[in-house]
Each structure stands twice: as C-alpha cells, then as structure tokens.
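Visitor: Each chain, written out:
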Amino acid sequence: METKHLICINCPMGCPLTVEMNGEEVVRVKGNTCKRGEVYGRKEVTFPTRMITSTVRVVDGISSVVSVKTREAIPKGKIFDGMKELKGIKIKAPIQIGDVILANLADTGIDVIATKNVEKR
Amino acid sequence: MKSYDVVVVGGGPAGLAAAISLRKNGIDDILILERDQELGGILNQCIHNGFGLHTFQEELTGPEYAWRFIRQVEELGIVYKLNTMVLSISPEKVIRAMNREEGLFDIQAKAVILAMGCRERSRGALNIPGYRPAGIFSAGTAQRLVNIEGYLPGREVVILGSGDIGLIMARRMTLEGAKVKVVAELMPYSGGLKRNIVQCLDDYDIPLKLSHTVLEIKGKERLEGVTLGKVDPQGKLIPGTEEFYSCDTLLLSVGLIPENEISRGMGVEMNEVTSGPKVNESLETNIEGVFACGNVLHVHDLVDFVSQEAEMAGKNAAAYVKAHGRRDDKGQVIALTPGEGLRYTVPETLRVTHMDDKLKIRFRVRDVYKNCYVSTYFDRERVMHKKHQILAPGEMEEVTLTRDLLLLYPKLKTIAIRIEED
Numbered sequence: 087m088e089t090k091h092l093i094c095i096n097c098p099m100g101c102p103l104t105v106e107m108n109g110e111e112v113v114r115v116k117g118n119t120c121k122r123g124e125v126y127g128r129k130e131v132t133f134p135t136r137m138i139t140s141t142v143r144v145v146d147g148i149s150s151v152v153s154v155k156t157r158e159a160i161p162k163g164k165i166f167d168g169m170k171e172l173k174g175i176k177i178k179a180p181i182q183i184g185d186v187i188l189a190n191l192a193d194t195g196i197d198v199i200a201t202k203n204v205e206k207r
Numbered sequence: 013m014k015s016y017d018v019v020v021v022g023g024g025p026a027g028l029a030a031a032i033s034l035r036k037n038g039i040d041d042i043l044i045l046e047r048d049q050e051l052g053g054i055l056n057q058c059i060h061n062g063f064g065l066h067t068f069q070e071e072l073t074g075p076e077y078a079w080r081f082i083r084q085v086e087e088l089g090i091v092y093k094l095n096t097m098v099l100s101i102s103p104e105k106v107i108r109a110m111n112r113e114e115g116l117f118d119i120q121a122k123a124v125i126l127a128m129g130c131r132e133r134s135r136g137a138l139n140i141p142g143y144r145p146a147g148i149f150s151a152g153t154a155q156r157l158v159n160i161e162g163y164l165p166g167r168e169v170v171i172l173g174s175g176d177i178g179l180i181m182a183r184r185m186t187l188e189g190a191k192v193k194v195v196a197e198l199m200p201y202s203g204g205l206k207r208n209i210v211q212c213l214d215d216y217d218i219p220l221k222l223s224h225t226v227l228e229i230k231g232k233e234r235l236e237g238v239t240l241g242k243v244d245p246q247g248k249l250i251p252g253t254e255e256f257y258s259c260d261t262l263l264l265s266v267g268l269i270p271e272n273e274i275s276r277g278m279g280v281e282m283n284e285v286t287s288g289p290k291v292n293e294s295l296e297t298n299i300e301g302v303f304a305c306g307n308v309l310h311v312h313d314l315v316d317f318v319s320q321e322a323e324m325a326g327k328n329a330a331a332y333v334k335a336h337g338r339r340d341d342k343g344q345v346i347a348l349t350p351g352e353g354l355r356y357t358v359p360e361t362l363r364v365t366h367m368d369d370k371l372k373i374r375f376r377v378r379d380v381y382k383n384c385y386v387s388t389y390f391d392r393e394r395v396m397h398k399k400h401q402i403l404a405p406g407e408m409e410e411v412t413l414t415r416d417l418l419l420l421y422p423k424l425k426t427i428a429i430r431i432e433e434d
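Taken in order, these protein sequences are the chains called A and B.
Letter by letter, the first sequence follows residues 87 to 207 of this note's numbering.
Letter by letter, the second sequence follows residues 13 to 434 of this note's numbering.
These aren't lab readings, by the way, just hints derived from the structure by calculation.
The beta carbon of each residue, even a glycine, is placed where N, CA and C say it ideally should be.
Heads up, a few of these hints could be off.
Estimated spans, in silico, between C-beta atoms of each pair [claimed, not checked]: (1) A:143 x B:217: 48 to 58 Å; (2) A:116 x B:277: 51 to 61 Å; (3) B:277 x A:133: 28 to 38 Å; (4) A:116 x B:256: 55 to 65 Å; (5) A:107 x B:201: 23 to 33 Å; (6) A:120 x B:131: 25 to 35 Å; (7) B:36 x A:166: 44 to 54 Å.
Derived SDA-like pairs: lysine to any residue, alpha-carbon spacing no greater than 20 Å straight-line [as the list claims (entries may be wrong)]: (8) A:206 x B:189; (9) A:173 x B:144; (10) A:176 x A:187; (11) A:173 x B:16; (12) A:178 x B:161.
Sample of chain B residues with no beta-carbon within 12 Å of chain A, all distances over it, derived [to be verified]: (13) 82; (14) 83; (15) 97; (16) 193; (17) 199; (18) 207; (19) 215; (20) 298; (21) 367; (22) 407.
Make the full structure from the sequences, and use the hints.
Guide: What follows is the structure in structure tokens.
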C-alpha cells in the first residue's frame, strides 16, 4: 500500500490529506473535514484539474478587462493552452456575470464565463 | 447637517455585510461611504476562486462574492455614496467627508461602523537598501494593474514575502506570461495559506526560499536585479549565501496593516499587536456606538469570516440604536488575554449580559506549533482543551465560548487562551 500526502486546495482551511493507494487505485482518503476533500484527494492523484481565473479584453466597456473563470476545473495540462485562447479574444460590453465568454476552452468541453458585470461606456 | 441612524465607513466586504445586517435588524436609515468608484472593495481585484465556501457553500471568485452582497444592498435600497472620502470623525460621531459633487460636508450619525479595511506594508517599512528604480510594486498594486487595468507590470519577477497576495500574484503573473523566478520569505515558515503554496507555487514549479530576504536592489531607472541571502534565526545574514537574480520586477507581499487613521483621530483605543481597535464582545470600541469589523479590526485570511464578523457588528449596532444609544457597562466585564503562544485575541473584553448563546474568540499564534493543544483558562481553571495537528501564524484560529458555560462562573475576571504541549 502506497500513501500520498496532499494539502486540500478546495478552501482556505487547507486540510492535510493522506491518500492510500493500491497501485493506480485509490483505497481511502484521510484527513479531510468535508466531502469536497475526499473528492479532491481521489482526483488529485489520478486526474488533477484546476479552475482557471483570468481576465479578457473588453471593447466599449467602462473597464478595459473583465474577470472570467472556467465553469469547472479543467485538466492541469490544459492550463496554458487555455490561457493562450483567452489572450486572443475581445468581448463587447455590456457583460453580465455568468455570460459565456468562450465556449469549449482548449477542447476541454468547458466554457469560460464572466465573473463581473461590465457596463457599456 | 444631515443625519443618519448608522453610517458605515467603507463599502468593501465588511461594510456591505454590516449594512445588510443593520437593515435586517430593523434599521432603515443607513449610509455607506465608499472612496472607490464602485462597491466591493478589494474583492474586485481578487479575481481568483476560493471565496464563499463557508457563506454560500459554493466556490466563488472575489467579484462574484462581492456581487452577492452588492445585489442585496441594492435590493434592500440601502443608500451609498461612491467616490467619497471620509476625512475625520469626531467623538460625537460627526463624519466629515468629501466628494466631487457635494464638496466638503458633515453628517451626524447615531452609530458608526468602521469598515475601512487594511493596506499593504510598503518598501519604506522594510528598509531595503539601494536605488529606487521603477519596477518595485506591492503585490496588491500589481494585482490591480493586471486584473483591473489590464496591464502587466513586468516580465521577470522576484517576490519578497509569502503572504497570500504575493502567492496569488506569482500564479497570476505566470499565467500572463511572466517568469516568476523565486519567492523569498524572511521567516522560516510561509505567511500565506497552505493551499496557495500548493496551487500557486508548486503547480508552476516556483521555488519558495524560506529564511531569505532581499539584500540589495540593482538598477537605476528600471530594476535590473536583486540579491537574496539567507538569514539566521536572529535575522542576520549568513555570509556566503548571497545570490543574484536578474529581474525587472520585485513584488512585495510583506504584510497588511489595518487602516485606522480615522479611528485614532476620533480617540478609539488601539491594540498594538493587531493595529486595530480594542473591542468588546459586541465589536464595539471604547467609544460608545462606534463598532469595527473586518480587516480594519484585525487582518483576516478569509473573507467569509469578515462577512460573519460584519454581520455581528451590524446586529450589535442596530441594538445600540434601538436602545437609544445607551451602553450598559455595569455588571461583569471579563478580560480576554492572549496567553503563552498567542499574539492577540479579538475581542478583548466580554460582557456576559450582552453576548449571544455563543461567541467566537479569534486569535493568531506566535509560531508554528505541531501536535499541541489550544487551552482556555477561566482564571486559573482549564475549562477547554483541544488538540490541533498544526497551528501557524498565517492562519487565524478560533475558540467558541458558550453563554451557558460562562454563567457558571459569575465571579470570573480573566479568560486566557494559550498553547500547551499536553
């Protein structure tokens, strides 16, 4: 039995997790104080993912950029491909929180949505 | 002179939650004063996720978390003024403020909630020798430049200090295409949250050098590089450990200081450790009807706890206004003291007659402690004893006191919280 030690990144509590593994298979997650911790522990050792938060250029808005996020976490290996796509686009104001800014980021099947309202200038 | 029941100074997370709580507790006549051009405070530039798990059971970004509160303020019809700077408050609660439309004006309040937040410790406070070239920013300034203004302040970056904003900016600058070479931390432990070490540094192979500091700054017009060196436990340089890093940008993430010029000016007593007001269980300062919450009271790690604290300040300020501004200090007043291993506690005094069923005492520890206990003493008797795997100065801790327990000790004078090995 192999064990891996992780810090849960779901929330600022940062619970220390111990993941017990049998080869590629996760046997048990210990140290988590909520359900998200267990999910994170299982996923991090098999298929690590991260949310991306960034900004996208705005045209005709009261601010020059709008903050955005991936609707869900994307595979870790896709982060920089995703950033490249976000850098290439401009979006017209007005923008509402939750608006889809870019669909299917870097072929992950996951959309990028606005996290702030931007009014028209 | 215009008058309001309660004036909230600051429209960030603390001010917003306090105002909403005031309204929900029956106060209609509220005014929020905010110096920026929008509500939300620092949350607007904290575009990363991780906010709101405690409050909303979902993971939000800073602007989304702020929006949940701003929307409530709008829906409840709470009045606010933007682009308005509060200059001073008198002990009689006359607020002097100014903005472009109204010029200089005074407002009389029955109660005041201080929610001005904090600001970053600057280079001047660190005494780093060398020239003063362009390219040296506080981490929060860089965050504003990147996330609000849409401007990348540099390409090759060294970060001094491992506070959360510095860690978040290490990732942010990396994602934007900059090379973050190293994060140096003077202390032998990180000042930020563990999760940020993992997802901001480890994920991008950015080294964290503990017990290291900046010795020299090179460059006259623009920063050309910095020399880092290792320090011993007394903070003295260990000779031979100097190392030069070429960079065009140095970010400082070296601590936050509550912004209390207005509080001091009106005679609010300060805690020297937190640089925030001394408060009782109602988060009320030594001046009757003046409450404080959020980072102006003590610097928090989690906005969720700021919102909780502000909600409590709002509720208590509402009760004060409804009692026609009379504070009752008669009866038992218990002093809370930071014992062995603690830097401070908030609050510092407790009136059992005014507390709810439960009261959270928040504190920070002095050092990193492993496998130890947080013990609570009522005078000399140990009444609570809780095991912790790890305690660190970068993470705020809490102990919950119950009214039922306190009622069993009618002669109690002092409560001390301390860290013990067994």
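Visitor: Compare the structure with each hint and give your call.
Guide: Hint by hint, here is what the structure shows:
{"no.": "1", "hint": "A:143 x B:217: 48 to 58 Å", "verdict": "violated (28 Å)"}
{"no.": "2", "hint": "A:116 x B:277: 51 to 61 Å", "verdict": "holds (52 Å)"}
{"no.": "3", "hint": "B:277 x A:133: 28 to 38 Å", "verdict": "violated (56 Å)"}
{"no.": "4", "hint": "A:116 x B:256: 55 to 65 Å", "verdict": "violated (44 Å)"}
{"no.": "5", "hint": "A:107 x B:201: 23 to 33 Å", "verdict": "holds (29 Å)"}
{"no.": "6", "hint": "A:120 x B:131: 25 to 35 Å", "verdict": "holds (33 Å)"}
{"no.": "7", "hint": "B:36 x A:166: 44 to 54 Å", "verdict": "holds (45 Å)"}
{"no.": "8", "hint": "A:206 x B:189", "verdict": "violated (29 Å)"}
{"no.": "9", "hint": "A:173 x B:144", "verdict": "violated (32 Å)"}
{"no.": "10", "hint": "A:176 x A:187", "verdict": "holds (9 Å)"}
{"no.": "11", "hint": "A:173 x B:16", "verdict": "violated (47 Å)"}
{"no.": "12", "hint": "A:178 x B:161", "verdict": "holds (17 Å)"}
{"no.": "13", "hint": "82", "verdict": "violated (9 Å)"}
{"no.": "14", "hint": "83", "verdict": "violated (10 Å)"}
{"no.": "15", "hint": "97", "verdict": "holds (21 Å)"}
{"no.": "16", "hint": "193", "verdict": "holds (18 Å)"}
{"no.": "17", "hint": "199", "verdict": "holds (18 Å)"}
{"no.": "18", "hint": "207", "verdict": "violated (4 Å)"}
{"no.": "19", "hint": "215", "verdict": "violated (7 Å)"}
{"no.": "20", "hint": "298", "verdict": "holds (32 Å)"}
{"no.": "21", "hint": "367", "verdict": "holds (26 Å)"}
{"no.": "22", "hint": "407", "verdict": "violated (8 Å)"}
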